[in-house]
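**Student:** Build the full structure now, drawing on both the sequences and the hints.
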Amino acid sequence: MTAQAAVHRTGSAAFVRTAPAPALAPPALSVGWLGWLRANLFSTPFNAVLTVLTVLLLAWTVPPAVRFLLIDAVWSGADREACLVSAQHPHVGACWAFVRDRLAYFTYGSYPISGRWRVDVFFVMMGFGTAWLLWLDAPRRDLGAFYFFVVLPVTSFFLLYGLPPLGLPTVDTSRWGGILVTVVVASVGIVVSLPLGILLALGRRSRMPAVKFLSVGFIEIVRGVPLITVLFMASVMLPLFVPPAWSPDNLIRALVGVALFSSAYMAEVVRAGLQAIPKGQWEASAALGLGYWQTLRFVVLPQALRVTIPNILNSYVALFKDTTLVFFVGIFDFLKTIEVARADPKWATPVTSATGYAFAALVYFACCYSMSRYADGVERRLAVADRR
Amino acid sequence: MTSTPREAEVATAGRSEFAVEIEGLHKWFGEFYVLRDVDLQVRRGERIVICGPSGSGKSTLLRCINGLEPYQRGEVTVDGIALRNDPKRIVQVRREVGMVFQQFNLFPHLTVLENCTLAPIHVRKMQQGEAEASARRFLDRVRIPEQADKYPGQLSGGQQQRVAIARALCMNPKLMMFDEPTSALDPEMVKEVLDTMVELAMDGMTMIVVSHEMGFARQVASRMVFMDAGQIVEVNTPEEFFIHPQHERTKLFLSQILE
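Chains as they are written, first to last, in the working numbering: chain F, 1 to 388; chain P, 1001 to 1259.
There could be a bad hint or two in this list.
[Said to hold, decoys possible] Some chain F residues close to chain P (C-beta under 10 angstroms, calculated; not the full set): (1) A25; (2) P27; (3) Q275; (4) E283; (5) A284; (6) A287; (7) G291; (8) Q294; (9) V299.
[Unchecked claim] Pairs of lysine-lysine, PhoX-like flavour, derived with a Cα cap of 25 angstroms: (10) F:K336 <-> F:K346; (11) P:K1150 <-> F:K279; (12) F:K212 <-> P:K1088; (13) F:K279 <-> P:K1251; (14) P:K1088 <-> P:K1150; (15) P:K1150 <-> P:K1174; (16) F:K212 <-> F:K279; (17) F:K336 <-> F:K321; (18) P:K1125 <-> P:K1174.
[Said to hold, decoys possible] Computed spacing ranges between beta-carbons, pair by pair: (19) P:E1031 <-> F:L214: 24 to 32 angstroms; (20) P:Q1256 <-> F:P310: 26 to 34 angstroms; (21) P:Q1154 <-> F:R373: 44 to 52 angstroms; (22) F:E268 <-> P:R1073: 49 to 57 angstroms; (23) P:Q1256 <-> F:E379: 46 to 54 angstroms; (24) P:E1199 <-> F:A318: 54 to 62 angstroms; (25) F:R373 <-> P:Y1033: 53 to 61 angstroms; (26) F:T155 <-> P:Q1154: 38 to 46 angstroms.
Everything labelled a hint here was simulated from the structure, so no lab data went into it. The structure displayed is predicted, hence computed values, not measured ones. Even for Gly, the Cβ is constructed at its ideal location relative to N, Cα and C.
**Tutor:** Below you can see the structure in the form of structure tokens.
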């Protein structure tokens, strides 16, 4: 009645509300879990069909995967016998016993057993540095950056490669392998590509034609060539031009290839961030008397990198997965160690390969998914910061 | 020790009678002839208001004074230092010349206080504590001491522009330049910014202001400069300028903006 009366009155030229509109409860079907289902899963016929199809897809894929990976899986055993079909095991799933047996190989490759503590120390130092850098509210993040970008690379090199005067015998890189190599390749790529990418992005926007030409040339050539080609060129063609005595070892060549390759991609990511910074920021900083590099450091890069953090982390995820390609130039990264181990007659069973690849997939997924979750968190945090 | 001509010149810096001397300045943007033979001397303590239709070269002239734009002929001398498009001299001049932009151009990732201390710390090499104390004094002077720890995005346009003024003042400039400082503001915020600028003028700051705020110009200008098509068409005291404009272009322009 009151509502009708109000409509009637607002229909005339003048209206003054005399009593506040009454507060009504929402309709039952629009709130609670029923409301949620209706709004999100069955809001339109198309949406309802998608919901049903998704449920069917999950029902079709999840139970067999769970059965293979968990229910029928073999968790312990000394050799292939444990993972063969037998009277006790009519169905054999993943052979986790194989992974457990070869886990040290997957982690260290052929790194001498007596020196594996060095790799463990490296992992701990690496984890510490990463946590310091990624935890945005950590104390003294400037020190953290110094540790990660200067202290860590230098000490890791001597720790892993060796420093005979200090009693650390040299371990040739051909004996490095597994997760160790994957972590080394990925972290060198990550550590080198950001600063180099920033320089290339600045070079690309430079007003000096020579700098600009070189930067654009480098970026476009590298982006126009598959990583695998860069790696083959580094490992096969470089020795043709450089005398053998000067030729760096295989792993370093691959590291350089990966680092340069990811720098070119990083340059394009950073360039997008630089372009998002209005000209007025450069001008205001210049007008205050700050020089080019000061303006970059205090005004432009903090803003440009902030908007590109999600894209930078996205590039890192891609880079991390691309490290598997060093496999093709004879470097024993994590995937290659699995490839070698699955051919081991001691563990030759019908499920060994599937188990090895499933393990590789799980490890890569865990790493990449946590990176993307972190990127997501940073993005949300920045969104909050933008609202202030 | 032999003193090079440059050192001698630097030694005389600050003693010249003029804050700014512009002689026979020509500038082209590619083919476009934007400043045509501009001459202008600004004495210390003088307050110049430049007006003119859009595209007349007012902002470009201002930007030539602190080297944000290079020029092709003529010379700009600020505080006794001839710019000569030389990066070292330009940096030297910029330390002495504060500039306030139409779009504020505050650094959004820094707090108000950090905006104000950035240049004193990294250009003047001031200690952080000293720079902060000085920044708070200037924020007090532009009447926003309580906003020091906020970010620019949390402030109104008028407050942001006052922060921009404080940020420039923190370098203790000998000359302040304003490039249409109120054009991007909502009408109700124009006054607070103009009031701040009037106070600055009362304190004896040398100012060059590009503005169409004629009330402000009448109140503070020592001289009015009218530009059209890249040339200075008329220079006069505000009294004469507003009441007896001489040039036809000036008359037309004033009749248009004053109704």
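**Student:** Hints first: check each against the structure and report whether it holds.
**Tutor:** Hint-by-hint comparison with the structure:
For A25 of chain F, the interface hint is violated, the least distance from its beta-carbon to any beta-carbon of chain P being 38 angstroms, above 10 angstroms. Interface hint status for P27 of chain F: violated, as the beta-carbon distance to the closest one in chain P is roughly 39 angstroms, over 10 angstroms. Checking Q275 of chain F against chain P by beta carbon gives a least distance of about 16 angstroms; that is not within 10 angstroms, so the hint is violated. Restraint check, E283 of chain F versus chain P: the minimum CB separation of about 6 angstroms is within 10 angstroms; hint holds.
For A284 of chain F, the shortest C-beta to C-beta distance to chain P is roughly 4 angstroms, which falls under 10 angstroms, so the interface hint holds. Annotation: interface hint on A287 of chain F holds; nearest CB of chain P at approximately 4 angstroms, less than 10 angstroms. Hint status for G291 of chain F: holds, given a least beta-carbon distance of 7 angstroms to chain P, under 10 angstroms. About 6 angstroms separates the beta-carbon of Q294 of chain F from the nearest beta-carbon of chain P, less than 10 angstroms, and the hint is met.
A hinted interface residue such as V299 of chain F counts as satisfied when its beta carbon comes closer than 10 angstroms to some beta carbon of chain P; here the least separation is about 6 angstroms, so the hint holds. Taken as a hint, the K336 of chain F and K346 of chain F pair is honoured in the structure, with Cα atoms around 18 angstroms apart against an allowance of 25 angstroms. Using a Cα cut-off of 25 angstroms, the hinted pair K1150 of chain P and K279 of chain F holds, with the two alpha carbons roughly 23 angstroms apart. Between K212 of chain F and K1088 of chain P the CA atoms are separated by roughly 23 angstroms; this keeps the pair inside 25 angstroms, and the hint holds.
For a cut-off of 25 angstroms, the pair hint linking K279 of chain F to K1251 of chain P is broken: about 36 angstroms separates their Cα positions. With a CA separation close to 34 angstroms, the supplied pair K1088 of chain P and K1150 of chain P exceeds the 25 angstroms bound. For the proposed pair K1150 of chain P and K1174 of chain P, the alpha carbon gap of about 28 angstroms is over 25 angstroms, so the pair is violated. For the hint linking K212 of chain F to K279 of chain F, the alpha-carbon distance of about 19 angstroms falls within 25 angstroms, and the restraint holds.
Of the supplied pair hints, the one linking K336 of chain F and K321 of chain F holds, its CA atoms being roughly 13 angstroms apart against a limit of 25 angstroms. A threshold of 25 angstroms between alpha carbons decides the hint, and for K1125 of chain P with K1174 of chain P the separation of about 18 angstroms falls inside it, so the pair holds. At roughly 30 angstroms, the beta-carbon separation of E1031 of chain P and L214 of chain F lies within the given 24 to 32 angstroms, and the hint holds. A C-beta distance of roughly 50 angstroms is found between Q1256 of chain P and P310 of chain F, which places it outside the suggested range of 26 to 34 angstroms.
The hinted window of 44 to 52 angstroms between Q1154 of chain P and R373 of chain F is violated, with their beta carbons roughly 30 angstroms apart. A hinted range of 49 to 57 angstroms is violated for the C-beta pair E268 of chain F and R1073 of chain P, which are about 40 angstroms apart. The beta-carbon spacing between Q1256 of chain P and E379 of chain F, approximately 50 angstroms, falls within the hinted interval of 46 to 54 angstroms. With their beta carbons about 56 angstroms apart, E1199 of chain P and A318 of chain F fall inside the hinted range of 54 to 62 angstroms.
Distance hint for R373 of chain F and Y1033 of chain P: a CB-CB separation of about 58 angstroms, consistent with the stated range 53 to 61 angstroms. Separated by about 43 angstroms at the C-beta atoms, T155 of chain F and Q1154 of chain P satisfy the suggested range of 38 to 46 angstroms.
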